[in-house]
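Q: The chain contents come next:
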Amino acid sequence: RKEVEQDPGPFNVPEGATVAFNCTYSNSASQSFFWYRQDCRKEPKLLMSVYSSGNEDGRFTAQLNRASQYISLLIRDSKLSDSATYLCVVRLNTGFQKLVFGTGTRLLVSP
Amino acid sequence: EAGVAQSPRYKIIEKRQSVAFWCNPISGHATLYWYQQILGQGPKLLIQFQNNGVVDDSQLPKDRFSAERLKGVDSTLKIQPAKLEDSAVYLCASSLGDRATNTGELFFGEGSRLTVL
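These protein sequences, in sequence, are chains X and H. Following the working numbering, the numbering of the first sequence begins with 270 at its first residue and continues without gaps. Following the working numbering, the numbering of the second sequence begins with 961 at its first residue and continues without gaps.
Simulated from the structure, these hints should not be mistaken for laboratory data. Every residue gets a Cβ at the ideal spot worked out from N, C-alpha and C, and that includes glycine. Among the hints, erroneous ones may be present.
To be verified - Simulated restraints on C-beta separations:
hint	chain 1	residue 1	chain 2	residue 2	range
1	X	A286	H	E1028	45 to 53 Å
2	X	Q338	H	D1023	33 to 41 Å
3	H	K1038	X	S337	39 to 47 Å
4	X	Y320	H	L999	27 to 35 Å
5	X	P283	H	D1034	43 to 51 Å
Claimed, not checked - Residues of chain X placed beyond 10 Å of chain H at every Cβ, according to the derived structure:
hint	residue
6	P283
7	N296
8	K311
9	T330
10	Q332
11	A336
12	S341
13	F370
Can you build the whole structure from these sequences, using the hints too?
A: Set out below in structure tokens:
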């Protein structure tokens, strides 16, 4: 089983729509969680961290469910510029800090 | 502030040939990572350095891949001999160290795209 699993998509949504992505992780000792954004043929960039109590950054909301071992990202009022791949990232402490990336979920926002 | 620099941006080689990629991290960043990203997949960690020491190379195919980080700054990743399945983007990233890993913020270079024919 993969350490971090995501639905690869693509998710095709119209502008203004609300879309949610889920990510599951297998290691219950996972310590921290993040969402990265990767534009086509570009490098990944940190979008936001995921806190236990849930957190919001503008149109983006991230939530963590430790009991079920999943993380979610909600995007409200989708913009064309939100089209990208969203990578779920888990931090493990295996004697040193290690970040493990999921395969990513592709989002396409259309006019 | 200058970002993570990588070269070459693109490389096309034939199988069994060798190739080397270079990375210059952000100044002052102690931790350097090499990731392999195959089309349609997420980045996979190949090797992680803390200063010039290797922290994790458990997923590095050591029969053909090697990496070094001399003087704790620049790093090179070499593949010899290359196989078709090595076709991927090789991403270098850096961070301040464990504290930055706690924040999850790795700074990636633009990557080196390798095509093996």
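Q: Now tell me, hint by hint, if it's right for this structure.
A: These are the hints, each one checked on the structure:
1. The hint said 45 to 53 Å for the Cβ distance between A286 of chain X and E1028 of chain H, and at roughly 48 Å that hint holds.
2. Evaluation of the 33 to 41 Å hint for Q338 of chain X and D1023 of chain H yields a pass: the beta carbon distance comes to about 35 Å.
3. Taking 39 to 47 Å as the suggested C-beta distance range, the pair K1038 of chain H and S337 of chain X conforms, at roughly 42 Å.
4. A beta carbon spacing of about 32 Å between Y320 of chain X and L999 of chain H agrees with the range 27 to 35 Å that was offered as a hint.
5. Separation of P283 of chain X from D1034 of chain H is about 46 Å and conforms to the stated range, judged on CB atoms against 43 to 51 Å.
6. Remark: the non-interface label on P283 of chain X is consistent with the geometry, its nearest Cβ contact in chain H lying 25 Å away (cut-off 10 Å).
7. With a minimum CB-CB distance of about 15 Å to chain H, N296 of chain X clears the 10 Å threshold, and the non-interface call stands.
8. The beta carbon of K311 of chain X sits about 7 Å from the closest Cβ of chain H, which is not more than 10 Å, so the claim that it is off the interface is violated.
9. Listed as a non-interface residue, T330 of chain X keeps its Cβ farther than 10 Å from every Cβ of chain H; the least gap is roughly 17 Å.
10. Every CB of chain H lies more than 10 Å from the CB of Q332 of chain X, the least distance being 16 Å, so the non-interface label holds.
11. Every beta carbon of chain H lies more than 10 Å from that of A336 of chain X, the smallest distance being close to 22 Å; the non-interface claim holds.
12. Separation of S341 of chain X from chain H is adequate, the least Cβ-Cβ distance of about 16 Å exceeding the 10 Å criterion.
13. Interface exclusion of F370 of chain X from chain H breaks down, the closest Cβ pair being 4 Å apart, not more than 10 Å.
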